Amino acid sequence: MMTWLLWSLLIGYVTTEHPPLMKSDKLIEYAPQASTEPTLGGESNENLENNVTRLLDKLIASHDRRIRPNYGGPPIEVNITAHVTTISAVSEVSMDYTLDLYLRQIWKDPRLAWESDVEDSLTIGIDMVKTIWTPDTFFPNEKKSFFHEATSHNSFLRIDNHGNVLRSIRLTVTANCPMSLHTFPLDRQECALEVESYGYSTKDIIYHWHGTNAVTIDENVHLAHFTIGEHKHIERTISLSTGNYSRLTAYFLFKRNIGFYLIQIYFPSSLIVVISWVSFWLNREAVQARVAIGVTTVLTMTTLMTSTNASLPKVSYVKSLDVFLGVCFFIVFASLLEYAAIGYLMKRNRSVPAASPVQYYETGDGVLKREASRKKSRNRRDSSMKNYQNNNIHHRPSDGHVDQRIPLLSMVPMPPIPFKPQNGAWGKVRPAQVDLFSRFAFPIFFVIFHIVYWTYYINQ
Numbered sequence: 034m035m036t037w038l039l040w041s042l043l044i045g046y047v048t049t050e051h052p053p054l055m056k057s058d059k060l061i062e063y064a065p066q067a068s069t070e071p072t073l074g075g076e077s078n079e080n081l082e083n084n085v086t087r088l089l090d091k092l093i094a095s096h097d098r099r100i101r102p103n104y105g106g107p108p109i110e111v112n113i114t115a116h117v118t119t120i121s122a123v124s125e126v127s128m129d130y131t132l133d134l135y136l137r138q139i140w141k142d143p144r145l146a147w148e149s150d151v152e153d154s155l156t157i158g159i160d161m162v163k164t165i166w167t168p169d170t171f172f173p174n175e176k177k178s179f180f181h182e183a184t185s186h187n188s189f190l191r192i193d194n195h196g197n198v199l200r201s202i203r204l205t206v207t208a209n210c211p212m213s214l215h216t217f218p219l220d221r222q223e224c225a226l227e228v229e230s231y232g233y234s235t236k237d238i239i240y241h242w243h244g245t246n247a248v249t250i251d252e253n254v255h256l257a258h259f260t261i262g263e264h265k266h267i268e269r270t271i272s273l274s275t276g277n278y279s280r281l282t283a284y285f286l287f288k289r290n291i292g293f294y295l296i297q298i299y300f301p302s303s304l305i306v307v308i309s310w311v312s313f314w315l316n317r318e319a320v321q322a323r324v325a326i327g328v329t330t331v332l333t334m335t336t337l338m339t340s341t342n343a344s345l346p347k348v349s350y351v352k353s354l355d356v357f358l359g360v361c362f363f364i365v366f367a368s369l370l371e372y373a374a375i376g377y378l379m380k381r382n383r384s385v386p387a388a389s390p391v392q393y394y395e396t397g398d399g400v401l402k403r404e405a406s407r408k409k410s411r412n413r414r415d416s417s418m419k420n421y422q423n424n425n426i427h428h429r430p431s432d433g434h435v436d437q438r439i440p441l442l443s444m445v446p447m448p449p450i451p452f453k454p455q456n457g458a459w460g461k462v463r464p465a466q467v468d469l470f471s472r473f474a475f476p477i478f479f480v481i482f483h484i485v486y487w488t489y490y491i492n493q
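Numbering of the sequence shown is given in our numbering, commencing with residue 34 and proceeding in unit increments.
A couple of the hints might just be wrong.
Said to hold, decoys possible - Mimicking DSS-like on lysine-lysine, the simulated pairs with C-alpha atoms at most 27 Å apart in a straight line are:
(1) 236 / 380
(2) 380 / 265
(3) 91 / 176
(4) 265 / 288
(5) 288 / 176
(6) 177 / 91
(7) 163 / 91
(8) 141 / 163
(9) 380 / 177
I should point out that these hints are in silico values taken from the structure, not numbers from a laboratory. Treat the numbers as computed from the prediction; the structure is a model and nothing was measured.
Based on the provided sequences and hints, a complete structural model is requested.
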């Protein structure tokens with residue numbers, strides 16, 4: 034008996050000082066004690082969920098999604114807001130632009146109103162959209178669009194106890210944007226985004242922009258080739274063969290950045306024009322050098338014009354870039370023609386060499402012979418005189434008399450009569466004067482063209 038009591042006391046002491054470690058010390062120290070008794074908050078949450086479930090089931094059961102609110106009465110008003118998050122591309126080739134936005138639609142459906150002191154509004158899943166009436170909103174000028182579904186459908190539905198419904202959707206829209214490229218690349222493009230009901234006319238639905246700031250653009254939206262300017266939005270009614278429809282339109286202004294085109298087109302073409310002027314300072318006799326510069330600059334300008342227009346739409350009117358490249362090509366081609374004119378003047382003003390006289394002699398036997406033309410050099414003339422004397426010595430007649438040649442006739446051939454133009458001014462122009470004039474006239478013309486070009490198109 035005493036032994037049993039001692040063992041009991043020893044076990045109780047160990048249990049009190051060192052409780053058994055069934056879990057980690059942290060779980061024993063910090064884990065809340067589980068309560069098996071139901072709390073008041075848990076009962077309230079469960080009751081609230083049951084009440085909301087019954088409320089939604091009641092609203093769906095009494096709602097016909099095939100009929101718009103206030104059917105047979107005044108048209109329902111749908112308020113629209115749009116928040117643009119990104120503008121990914123503005124293409125002048127395909128004439129469109131792409132943007133991501135949050136589209137929010139607000140309307141009132143009295144059939145979805147309820148009386149409750151607990152919940153004033155409910156944010157519910159998108160699945161309920163299939164059970165209630167929603168506007169058939171679409172974008173008339175869209176080319177393609179899609180909803181975002183990562184990681185779930187990016188939309189929500191919110192209903193308050195007065196029957197006001199808010200539907201928010203995130204989507205990407207590629208919309209048509211007709212562009213006028215007359216002032217390209219110094220142009221400004223205004224692109225529109227249109228919102229309209231596909232089937233309901235103004236008798237059933239009227240769209241409104243919700244407030245003055247109904248359309249907003251995120252401050253982090255930037256484009257490489259454009260600067261986003263001001264935007265505006267309007268409301269209007271359009272007439273189609275099926276009736277009158279309410280349409281909302283938001284306009285976005287895009288100002289093209291000129292930096293890329295200055296570096297890639299304007300500066301290189303201007304330098305090519307300046308290079309063509311180098312031929313004005315070269316020697317007029319350097320035919321190969323001057324022709325090579327002229328032909329090379331003409332071919333380079335042709336290649337630049339072809340590559341530039343290959344990346345642009347095939348429009349039938351003249352763009353401002355075409356005007357600039359056309360004038361540059363004209364100046365380069367005129368530089369090549371300038372040397373052609375100099376070559377003509379050099380050939381025309383070249384002096385005609387004096388003709389050599391032709392003499393005829395009669396030999397001792399009465400034969401008339403023609404002597405060769407005068408020699409071109411003193412050495413050749415002396416050599417001929419020696420040969421002539423030797424011939425006279427070794428070819429004397431047998432009777433001892435010398436054959437003396439007496440010039441009977443000396444004839445000088447008539448030189449060709451040079452062409453004299455009717456206008457006497459042309460005869461006074463020298464090639465050096467043409468080069469001197471071109472050295473100043475071409476640069477002055479190009480500078481004046483730059484001033485007129487940039488002044489006109491920047492103010493457009």
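Hint check results:
Proximity of residue 236 to residue 380 is assessed by CA-CA distance (about 87 Å); at most 27 Å being required, the pair is judged violated. Taking the CA atoms of residue 380 and residue 265, the gap is about 69 Å. The hint is violated against a cut of 27 Å. Restraint check for residue 91 and residue 176: the C-alpha separation of about 40 Å exceeds 27 Å, so the hint is violated. Annotation: proposed proximity of residue 265 to residue 288 holds, straight-line Cα distance about 15 Å (limit 27 Å).
For the hint linking residue 288 to residue 176, the alpha-carbon distance of about 23 Å falls within 27 Å, and the restraint holds. With a CA separation close to 38 Å, the supplied pair residue 177 and residue 91 exceeds the 27 Å bound. For the hint pairing residue 163 with residue 91, the CA-to-CA distance comes to about 16 Å; that is within 27 Å, so the pair holds. The suggested pairing of residue 141 with residue 163 holds, with an alpha-carbon distance near 17 Å, which does not exceed 27 Å.
Proximity of residue 380 to residue 177 is assessed by CA-CA distance (about 68 Å); at most 27 Å being required, the pair is judged violated.
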